[in-house]
Amino acid sequence: MRQVNATLSITLDGVVQGLGRPDEDTRGGFTHGGWGGTYNDQVMGMEMGKSMSKPTDMLFGHRTWTDFIIAWSTRKDDNPFTTHMNAATKYVCSRTLENADAWQNSIPLQGDATETVAKLKEENGKDLTIIGSATLVRELHAAGLVDNYQLLIHPLTLGTGMRLFEGQAPLTEFELTDSVTTTKGVIIARYSRK
Numbered sequence: 078m079r080q081v082n083a084t085l086s087i088t089l090d091g092v093v094q095g096l097g098r099p100d101e102d103t104r105g106g107f108t109h110g111g112w113g114g115t116y117n118d119q120v121m122g123m124e125m126g127k128s129m130s131k132p133t134d135m136l137f138g139h140r141t142w143t144d145f146i147i148a149w150s151t152r153k154d155d156n157p158f159t160t161h162m163n164a165a166t167k168y169v170c171s172r173t174l175e176n177a178d179a180w181q182n183s184i185p186l187q188g189d190a191t192e193t194v195a196k197l198k199e200e201n202g203k204d205l206t207i208i209g210s211a212t213l214v215r216e217l218h219a220a221g222l223v224d225n226y227q228l229l230i231h232p233l234t235l236g237t238g239m240r241l242f243e244g245q246a247p248l249t250e251f252e253l254t255d256s257v258t259t260t261k262g263v264i265i266a267r268y269s270r271k
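Note that our numbering has the sequence shown beginning at 78, numbered continuously upward.
These aren't lab readings, by the way, just hints derived from the structure by calculation. This structure is a prediction, so every number in the text was calculated from the model and none was measured. Check before you lean on any hint, since a few could be wrong.
Said to hold, decoys possible - Here are the computed distance ranges between Cβ atoms for each label pair:
no. : residue 1 : residue 2 : range
1   : Ile184    : Gly126    : 23 to 29 Å
2   : Glu199    : Asp255    : 24 to 30 Å
3   : Thr237    : Asn176    : 34 to 40 Å
4   : Pro99     : Lys271    : 35 to 41 Å
5   : Met123    : Glu252    : 22 to 28 Å
6   : Asn201    : Arg98     : 18 to 24 Å
7   : Trp149    : Thr173    : 18 to 24 Å
8   : Ile146    : Gly221    : 15 to 21 Å
9   : Asp178    : Leu248    : 21 to 27 Å
10  : Thr249    : Arg172    : 21 to 27 Å
11  : Gln181    : Thr115    : 30 to 36 Å
Stated by the list, open to error - In silico DSS-like links for lysine-lysine, alpha-carbon gap of 30 Å or less:
no. : residue 1 : residue 2
12  : Lys203    : Lys271
13  : Lys131    : Lys271
14  : Lys127    : Lys196
15  : Lys131    : Lys261
16  : Lys261    : Lys198
Beta carbons are placed, not taken as given, at the ideal position from N, Cα and C, and that holds for glycine.
Build out the structure end to end from the sequences listed, making use of the hints.
Okay, here's the thing in structure tokens:
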């Protein structure tokens, strides 16, 4: 059975919105976009490189997939992240996406995300990695489908923005399997479902 692994950057107050750039995600009037850039360092790069060294398939929500097309699909394969992202099979959970031709190796999954991902998990194949896509992660977590989390916990609070778990999340226990602290104070914590 395949596993679902979620990687998210998160603030101390649980915000996961708009990490990369000011205009990345302004839903709800969010004005703190780009908060993560100053925390990148060599340790984070090495840890993310380790995570991407194992071939996996990718799993996206429609919005994040569309944003990643801009960020990754047009870059030259001059770094391991671009090579990994472009080569991976990318499943896109969406109720409205008719085709996924905009980025190579992308396959739309129409219908209810929890049902389609549950079927994917039962198939033979590579594990499924989610980067971002907080709404999708919340849905899959509530359905008991997320097996592992890799959280990049940034040492700041924002006060506003979309949080990883808004409202109630079901009681789920995880165990810490590994953690690394970067030179900029980001804790990269890896958890597996018990």
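Status of each hint after checking the structure:
no., hint, result
1, Ile184 / Gly126: 23 to 29 Å, "holds, 26 Å"
2, Glu199 / Asp255: 24 to 30 Å, "holds, 27 Å"
3, Thr237 / Asn176: 34 to 40 Å, "holds, 35 Å"
4, Pro99 / Lys271: 35 to 41 Å, "holds, 39 Å"
5, Met123 / Glu252: 22 to 28 Å, "holds, 24 Å"
6, Asn201 / Arg98: 18 to 24 Å, "violated, 37 Å"
7, Trp149 / Thr173: 18 to 24 Å, "holds, 22 Å"
8, Ile146 / Gly221: 15 to 21 Å, "violated, 30 Å"
9, Asp178 / Leu248: 21 to 27 Å, "violated, 41 Å"
10, Thr249 / Arg172: 21 to 27 Å, "holds, 25 Å"
11, Gln181 / Thr115: 30 to 36 Å, "holds, 32 Å"
12, Lys203 / Lys271, "holds, 21 Å"
13, Lys131 / Lys271, "holds, 22 Å"
14, Lys127 / Lys196, "holds, 28 Å"
15, Lys131 / Lys261, "holds, 26 Å"
16, Lys261 / Lys198, "violated, 36 Å"
Of the numbered hints listed earlier, those contradicted by the structure are 6, 8, 9 and 16.
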